[in-house]
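*Asks:* Okay, here's what each chain looks like letter by letter:
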Amino acid sequence: MKRRIAFLGVLAAAAMSLMPPIVQAEDVLRVGISSGYPPFDVLNSDGTLGGFDVDYANLLCERINRKCEFVDIEWDGIIPGLLAKKFDVIISSMGINEERMKQVDFTDPYYKGPSALIALKDAGFTADEAGTAGKSIGLLRASAHECYLKKHMANADMRQYTTSEEAYLDLQAGRIDAVLVDTIPGEVWLKSDPKNADKFAPIKADLYDDQCFGVGSGIALRKGNEALKGKLNAAIAKTREDGSYIALSNKYFGRDIYGN
Amino acid sequence: MDSLWNYKWLLVQGSGITLLLGICSLCLALVIGLAGAAAKIGGGSALRRIAGCYTTFVRSVPDLCMMLLLYFGGQTLLNKLGTVTGWWDYVELNAFFAGVITIGFIFGAYMTETFRGAYVSIPPGQLEAAHAIGMTHGQVFRLITFPQLMGYALPSIGVNWMVLLKTTALVSVIGLKDLVSYGMSAGNTTRNPFIFLLAIMAIYLLFTAASEAVLRALEARYTRGRRREV
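If you read the sequences in order, they're chains C and D. For reference, each letter of the first sequence is one residue, going 1 to 260 in the numbering used here. For reference, each letter of the second sequence is one residue, going 1001 to 1230 in the numbering used here.
If we strip away everything but chain C, and leave its shape as in the complex, we get (with noise of 0.2 Å):
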C-alpha cells in the first residue's frame, strides 16, 4: 500500500513539474496558428511549424525585433485563446471580417484570396443561389464561408466541418456535392493528387463578398493592443517594400497572393 500510494506522489510530482509558471519576456511575441491548413499551416515531422502563416510571421517578427514563439491550437479554439491571453496574435489566415472584429482587432490584410466551390468536374450546377438549391454544400465551421453561404446560397444544404480536409474526404466519399473552400488551397488540394484533379475541378473559383470575407486574411489582436498593431501593420508595409514578400509568396504560390 505504502508503494503505491509513493508511486501516486511521483506522479502527482510529475505532474507539477509540467507546469512551471510561464515568464513572460517582452521580446517574445506569441503567435497562435491552427496546423493543418497547408501550405499556410503546416506541423512538420519533427514537431515545428511550418508554412506561409509561420515563415510570414517570422518575417515579421524579424522586423519588429521580437521572436516568434507558435502555439499550435484547434481552429475552435483559437479566438478564445486568443481572448484569454494564451498567445497575443493569431496569424492562421484568419479572414478579416465583421463577425469576428466584435470579438478581435485586425492589422492589415496580409494576403487577399478569393473562395472557390469545387464540385464533380460534370457537376452541372452554377454557383449561385438557383444553381445551389438543394445541393450539400461543405465547408469549414465557424469559417468566413460559412457567411457567404447562407447570403448567397441560401437553399443549399450547409455541411460544417472541423477541418477542411474532412471536407474534401466527403467530397470524395461523394457525401456531399461541393466544398466551398479558399481558392488557393483548394487549388492546391486538386494538384496534390491526380485523382483529384481528375475528377473535380471549381465551378467558379473567384468567389468575393467583402461583407464575408472581408478585405482578406490579417492578424487579430485582443482589442486596443493599439501599439502592437501599428507596429505590425509597419511591419507589413516594410515587407511589401523590400521584396521580402513577393520572395516568400512566389516560393509557396508561384505568384503574389497579396491580392489588390
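Each hint should be verified, as a subset may be incorrect.
To be verified - Here are the computed lysine to aspartate or glutamate pairs in the DMTMM-like style, where the Cα-Cα straight-line distance is at most 20 Å: (1) C:K151 <-> C:D177; (2) C:K238 <-> C:D256; (3) C:K199 <-> C:E166; (4) C:K191 <-> C:D209; (5) C:K204 <-> C:E129; (6) C:K231 <-> C:D108; (7) C:K191 <-> C:D170; (8) C:K112 <-> C:E241; (9) D:K1080 <-> C:D88; (10) C:K199 <-> C:D209; (11) C:K223 <-> D:D1089; (12) C:K85 <-> D:D1089; (13) C:K150 <-> C:D128; (14) C:K85 <-> D:E1092; (15) D:K1008 <-> C:E98.
Note that these hints are calculated values from the structure, not bench results. The structure displayed is predicted, hence computed values, not measured ones.
Using the hints provided, position chain D relative to the given structure of chain C.
*Replies:* Just chain D now, with coordinates in the frame of chain C:
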C-alpha cells in the same frame, strides 16, 4: 505509409502525453471519487447535498463544454480577478494542468458513484463485527472496507478509465498536443488522414488491451477472499 513513418516520433510523443494525462486525471478522479463517496455515505446533510449536486451537475454537462468553460472561462476569470485587484497581470493556466483538473473533475463524479455503489455492496454485518471486536475506525477502513471496496469497484473503475482515456482527446481544443491532435494535424498536413486515424486507433487499442491485463491482475488480487458467485 512513408508519411506515417516520418511522423512516428511525434505520435510516440503524443501517446506519452495522452497516457500521462490519462493517468494523472485518473489519480485525481479516484481521490475526488473517494471523497465524494465518503461525503455521500458518511457526511452530514449539507455535505451529502453538495456531493449530490456535484455528481448530478457534472454528469449532465457535455465534457467538451466543461473543458472549454474551465480552461478559457477559468483563464479569463483569473485575468479579470488579477486586473481588478491589481495583484497580477497575467497568470498562465497550463494546458496540461487544466486538462488534468477538468478530466479529473468530470470523472470524479463517476468515481463517486462507483465507490458509493461498491461500499453499499459490503455486508454491514462485517463492519458491525469489526467494531464489536474493538477495531478503530481507521483499522476498519484499512483492513475491512478498503480491500473489499476495491474488489467491488474495480470493474466499474476499469470502464471509467477506458472512457477517460478517450476523453483525453478533447484537450486538443485547449492547445495541448496529444496523440489525436498530433495525428490529425499530421494527417491533414500530409493529406493522408486515414492512415493516421488508423494508427491512432491501433495505439488506443494497444492501451486498452494493456489496461485490461492490468485490471484483471488487480481484480484477482482484490477478490482473493471472495468466493466466485458465478
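*Asks:* For every hint, state whether the structure bears it out.
*Replies:* Taking the hints in turn, this is what the structure says about them:
1. C:K151 <-> C:D177: holds (19 Å)
2. C:K238 <-> C:D256: Given that 20 Å is the threshold and the Cα spacing comes to 16 Å, the pair holds.
3. C:K199 <-> C:E166: Within the cut-off at roughly 18 Å; holds.
4. C:K191 <-> C:D209: violated (26 Å)
5. C:K204 <-> C:E129: OK: K204 of chain C and E129 of chain C at ~13 Å, within 20 Å.
6. C:K231 <-> C:D108: Satisfied, since the Cα-Cα distance of roughly 11 Å is no more than 20 Å.
7. C:K191 <-> C:D170: Status holds; Cα separation ~18 Å.
8. C:K112 <-> C:E241: The given pair, whose Cα atoms are some 18 Å apart, holds under the 20 Å limit.
9. D:K1080 <-> C:D88: holds (17 Å)
10. C:K199 <-> C:D209: The given pair, whose Cα atoms are some 28 Å apart, is violated under the 20 Å limit.
11. C:K223 <-> D:D1089: Holds, at roughly 16 Å.
12. C:K85 <-> D:D1089: holds (10 Å)
13. C:K150 <-> C:D128: The hint holds at about 11 Å.
14. C:K85 <-> D:E1092: holds (8 Å)
15. D:K1008 <-> C:E98: Roughly 41 Å separates the two Cα atoms, so the pair is violated.
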